[in-house]
Structure formats: C-alpha cells, structure tokens
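Top to bottom, those sequences are chains A and B.
For the record, in the first sequence the residue sitting at position 432 is 432 according to this note's numbering, with numbers rising by one throughout.
Converting from the second sequence to this note's numbering requires adding 1000 to each position, the first position being numbered 1.
Be aware that a few hints might be false.
[Unchecked claim] Estimated spans, in silico, between C-beta atoms of each pair:
#1 T4(A) - D1265(B): 50 to 58 Å
#2 G272(A) - Q1191(B): 29 to 37 Å
#3 H125(A) - A1025(B): 46 to 54 Å
#4 A1025(B) - E323(A): 29 to 37 Å
[As the list claims (entries may be wrong)] Covered by chain A, according to a simulated footprint, are these stretches of chain B (three or more residues, beta-carbon under 8 Å):
#5 1048-1058
#6 1069-1081
#7 1134-1148
#8 1200-1207
#9 1248-1257
#10 1265-1275
These aren't lab readings, by the way, just hints derived from the structure by calculation.
From the three backbone atoms N, C-alpha and C, an ideal C-beta is built for every residue, glycine too.
Here are the chains, one letter per residue:
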Amino acid sequence: MGLTGIEIFKLTPRTNCKECGFPTCMAFSMKVASGAVEIEKCPHISDEAKAKLSEATAPPMKTITVGKGSSEKKIGGETVLFRHEKTLVNKPLIAVQFCDCISDERLEEKISNIKKVSYDRIGEHMQAEGAIVKYCGDKDKFLKVLGNVKDLELVNILYCSDAAVAKEGLELVKDTNPVLLGANSENINEMISLAKEYKATLGIEAGTIEELYSLAETAEKAGQKELIFNVGGKDIAKTFETAVETRRAALVGGDRTMGYPSIVFANTLSDGDDYLQTALASAFVLKYASIIVLDDMSYQTALPLFGLRQNIFTDPQKPMRVEPKIYEFANPKSDSPVLVTVDFALTYFVVSGEIERSKMPAWLMIPDSGGYSVLTSWAAGKFSGSVIRQMVKDSGIEEKLTVKRLVIPGKVAVLKGDIEEELPGWEIIVGPDEAMQIPKFLNELA
Amino acid sequence: MAYKKTAKKYSGKISQVTVGTGEKAITLGGKNVLPFYKFDGEAGNKPKVGIEIMDESPSEWSGEFAELYSEAGNDTAAWAKLVEEKYAPDFICLRFEGADPNGKNKSVEECVEVAKKVADSITVPLVVAGSKNNDKDAELFKNVAEALQGKNILLLAAKEENYKTVGAAGALAYGQKVAAESSVDINLAKQLNILMSQLGVKKEDIVMNVGCAAVGYGYEYVSSTMDRILLAALGQNDESLQMPIITAVSFDSWSVKESLATEADEPQWGNQMERGIHMEVSTAAACLVSGSDAVVVRHPKSLETMKKFVNSMM
C-alpha cells in the first residue's frame, strides 16, 4: 500500500530547498502521497529512499507500453475499479484481427477499412490502434499478411502458439514493441524466451483462472514482466468473469501477479454477429478489457465505441470541454441566428443535439468559458458580456452575417443588457431555459 | 502462491418489482451483486428488454421504420400486436409523443383510448411513457392508470414536479407500478424514492429511471451514477436506492448526430439505420453492465441483439 505524506516526509532531506517547486518538503510529500507528483522531482532524495518508496507505491496493476513511434500506447495501470473513485487512466485499445486464412481481397478490404475510419472527436483522434495477425497453419501466408499489416504502423499483435513460426514473425516486426499472444502451459518456456529476445509483451491464455495465474508466475520468475491476459474463450459469461476477477484480484486483492492488462476477442465471442460485437465490445470497455479485438473496422461500430470509450476514460475531476469555435448546423446562411452557450461538453452535446433535431440552419458559438455549466460559468465570470464580445470579434462571425441576431441561454437572461452594450448593432434575443425547447424556439424565430 | 479469489459479498439486495399479469408478467431486480456478477452471488432476474412504439404512426420515425411496420398502418394497437408477435419483446413501451402540448397536443381522452386498445391487444406487460410535459403527463398517467386498472402497467415516469399525482393515482389508487425519474444524479434519485415512499407508495411498486445519455454524449455520468447507486444499495444496504432500474435507451440513442445524420450529410459514415442500431446496442449494453434491470430499445434488431447479450451474460 502507499505511504502517507508523513512517512514520505521522513524520507526527504527536510531542508525546504524549494528545488522541487514546492515551498516546503512537507507540501511536496503530501503531493507525492496523493499521486500528483513523482518522487523524482526532489533532486536530493537518496536512492535508498527512492527504492523504498517505489516499492511501497508501485501500482497494483502494471502499465505496459506497446507499439512504437506514432502507434505507441500505454495499457493497464489502473488503480480503481470504478471511475468515480478516482479516474480510469488508460483507454482500451481497439484492434482488428487478421489471419492466414484470409483471402487477398478481404485482406486489402480490411486494411482499407482501417485507414478509412480515422477522425477527430472532442480533441481526440479516433482510429484502430492495433492489428492482430493470427496463425492458423499457413506459415508463408501468415508472414505475408503480417508484412502487409505492419505497414499500417499500428500496434503489432501476433497470435501464434508455434514458437518457431512466432520467431519468424517477430523478426518481421522487431523493434516495434509488439505483443505476442498464444503462450499456454504447453509452450510457456519457449514463448517466454522469444518475448524476452524481441522485447515483446507476452499474452498468456489458459482454461481456468488458476492456470492463468500459474502461467503468470512462471513468466515473472523467468523475468518476463510484460504480460497480458487473454481472458477470453468462446463463452461470453466466462470471459466477463475472468476479466472482472483478474482486475479485482489485482486492485482489491493487491495481488500483483494478477496485475496485468487483458485482451478480449469481441469478434470471436460474437461469432459473426456485428451488432452483438458492438454490444460486447461496449460492455468490455466498461469492464475490464485493455485491448478489444474486432473483426473489421467501420464507422457504424467505431462511432459508438470510441464515443463510449472517450466518455468513460475522462477524468471525473476535469470537466470534458469542446473546442471553442463556431459550429455550423444545416448550412447556416448570413441571416441565420447565432446561438451562444458554454464549452462544457455535456451542455454542448445537449444544445447541439436539439439544434440538429430542429433541422433549422443556425450558428452555434462556443467561447472559452472554463468548461462549466451555463450558470456556473456565468457566476465565475467566465461567461459574460465581454467574453462573448471577444468571441464574436475573434471568430470573425460578423463577416459572414447580414442579420446579426444572438440567442443567449434563458438562464442568463440577465446578461442581455451587458451584451447589448458590448455588441452594438446586434439584436440580443433571450432563448429558452431548457435545451429541449430549442426546436420550437428556432421554428418560431425563423 | 496460488490464485485467491476476491469475491465481494454485499449485505443489500435490489428489490423485486413485477409488471404485467399472467404468464407474460416480468419481474425486475432481485440481485445482490453487481450486474452479471453471478460468480459473486445471486444475479437476480435476467434484465428485460422492451421495444418502443408510439401513439402516432411509425412513419413519424425514419422511412425504414415505417417500412418495417407498414402492416400496422396507422393503428397503434395493430402495431403493438405486430411487435409482440413478430419480435417477442419482454414488454412494450408505448410512448405518447402526440400528447405533447408543444406538438400535436392530443387530448388525454384520446390517449387513454389508445392505451386501452394497445393493452387489450397484447399479452406482454405494458410500460407507458409520457410526452415529457410534466403537467400533461400527470393528467395522462392518472387517467391511463385508472382505465387500465388490473393490468399492472408501469408508468414512465413520475418526476419531482408531478410525483404526487402520478404516485398517488398510479400506485395508490389504481395499483399500477411507477418509475421515479431523476436526471443522472444519485441524490435526486434517492430523494424522489424517499418522497414516493412518504406518499405511501410501497417499495415493490417503485422502479427507478435514473436517466440516460447516448454513448459519447456524457454517458460517463450515467455509468458513474449507476455505479454509485448500486454500491450504496448493495454495499451500504441503503433501502432508498434498492429499486430496480429501467432505462429508456431509445429515447436518447436515436436523437444524436450519429443516428440522425443522413448519408447525404455524412457520406463517409454509411447506412443511417445501421448506425442507429449500433448506437442503440452500444448504449443498451453499457447500461445493462452499469446496472439497468430493464432497457427500452426501438429497433427490432436491437431487441434481438440485447436479448442475445443478456442470455449469454447470465
């Protein structure tokens, strides 16, 4: 378990030298205890103290880096079971599976689908992060597919229980921090040495959680500490159970041998049913996969899945914000109204959804207002006449308009006078109190 | 060392609420573990999946829904019968979109007639949803509850603003079940349950509707609210939060850009209906894993998928 601030304080030099950026050693220690600062920030801390501390504060679940360069990702490293307890940190990766039974056309199609699904959503780039190639018996084809897939520059995941074939595969993707899946009780020793040789994360699988545990112990003893559990089989309930049990044994039970990320094959579990694949993948975003495998990539699967993942992995202590800018709805024209609201993502979603529903052309102006709700931003002075004027000027929206109408949220009707002073030439209209009333309001306004 | 299971035993239990009558009646709740954690204890009744229909013709929705239900024409009762026979939902959720004073503003009498006809043409339990206008819904629920006495329907839902009418008429006078609606806030959920109990509504007659959001649209609040409700209900044995949860997934999942944008709007995104179904099943699966004991979906494919999902998880 972690040390308290006082215990950490005793390890510091207690000179209050301020080199760490904090006024006192005590203040620094408290921050370290809360996990906000790394102990290394103290230049005077002894190695012995550092070792003691890292032992005590080592997280119950290991963070593992997979992929290299632009595809590098971290998985694992979670400290809580529920996001409200603190925050969830590393998003599960979405990977697409290939194998050596695939036809050339299908191979090309899947590769092109992966490239096609690539977009930005609230400051995050969305695309598949991993590609799995499974060995089904045709070595030459396996290596050929792997060669094609690695050009995608995603996290390379090899699924191959034949150590000799796996070695040739790893040779193709060496120096990319690949993942090697397929270690089981039969081949564990060869697979461990391969993983060590090629610096791969080793994926282990077994029929029961007890066997999984003993394989993890074997790997740890041999010095292979980059592991991932393949928690799935063909049975959905069993997969869910293993995903929950491993995560819980690490975070609640404090057993670090269970403290590794997990991979779930939503494609295998759903057996060709695309809708079920989306449902299962969504369930495992919540509990508790670190890599989720899909059969293919498409917008219809990606949109909900990436959206859900982005939601669940936001820090509850930091409100999710949208980019301040002018958003356009139904090709707004120079006489369409400009609605204004705050940059709190939830507010934006509700308001934009209702404008969308109204099917009326409109501009939606979002100034930088601190990421709070309308009333909170207003109370904090971050959503005021001058903030709105600044946004109108910075955005250059006026140049696009012949009729200048600004609709403000009904809850801040009190701002009307202020804004009228700040923006001469504009008609300031008080909008509805609730977003729900926007469609009716816009229809009447037009 | 050997693997040691870290099972979690809770002292609390989610109450059981029965909706409908006869063979097709459904019972919600009954778990004393987190959703689908049957390896920890009693996972309770299988979560139920219902399908949404409206008091207006299906053509009010997108073209493909109209096609899907074309046999039913403009008759809501025929529509209800069709979905029961063809898709075998656990329950049917009839939503009175047309009662909205800001919309068609159908009279309460007219709505009651529709509700009666629908209830008479189906054997699965009926859930009645309102127009989202508090005053109108209070009136509507009161009259529907009276007209359908003995059918043991679920009224979706009583809110802070109208719980007195809905709770007193629905549950106390006419013996129906009532959902208590709060918007993604554990404190409001708890408060409303307490208010309903003080009104005299029994725990076995209350279901919670704690709110929803489509995935990608603030779903984290839904998930965290349900997590916290379940942990309080089970872990702290908080009786005022032990009601089963119903979530009207379809009300949210079909009104976001991913489901609404036409192919002309977003040519890259592909078939609009497919997108809508995927948004719906993703949101429904997330809700079920978070804690819903029943979900309402709109598309028959979503219904089929979620039933398959529930059956394979339990």
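Quick rundown of the hints versus the structure:
no. : hint                           : result
1   : T4(A) - D1265(B): 50 to 58 Å   : holds, 56 Å
2   : G272(A) - Q1191(B): 29 to 37 Å : violated, 46 Å
3   : H125(A) - A1025(B): 46 to 54 Å : holds, 49 Å
4   : A1025(B) - E323(A): 29 to 37 Å : violated, 50 Å
5   : 1048-1058                      : violated (count 0)
6   : 1069-1081                      : violated (count 0)
7   : 1134-1148                      : violated (count 0)
8   : 1200-1207                      : violated (count 0)
9   : 1248-1257                      : holds (count 3)
10  : 1265-1275                      : holds (count 6)
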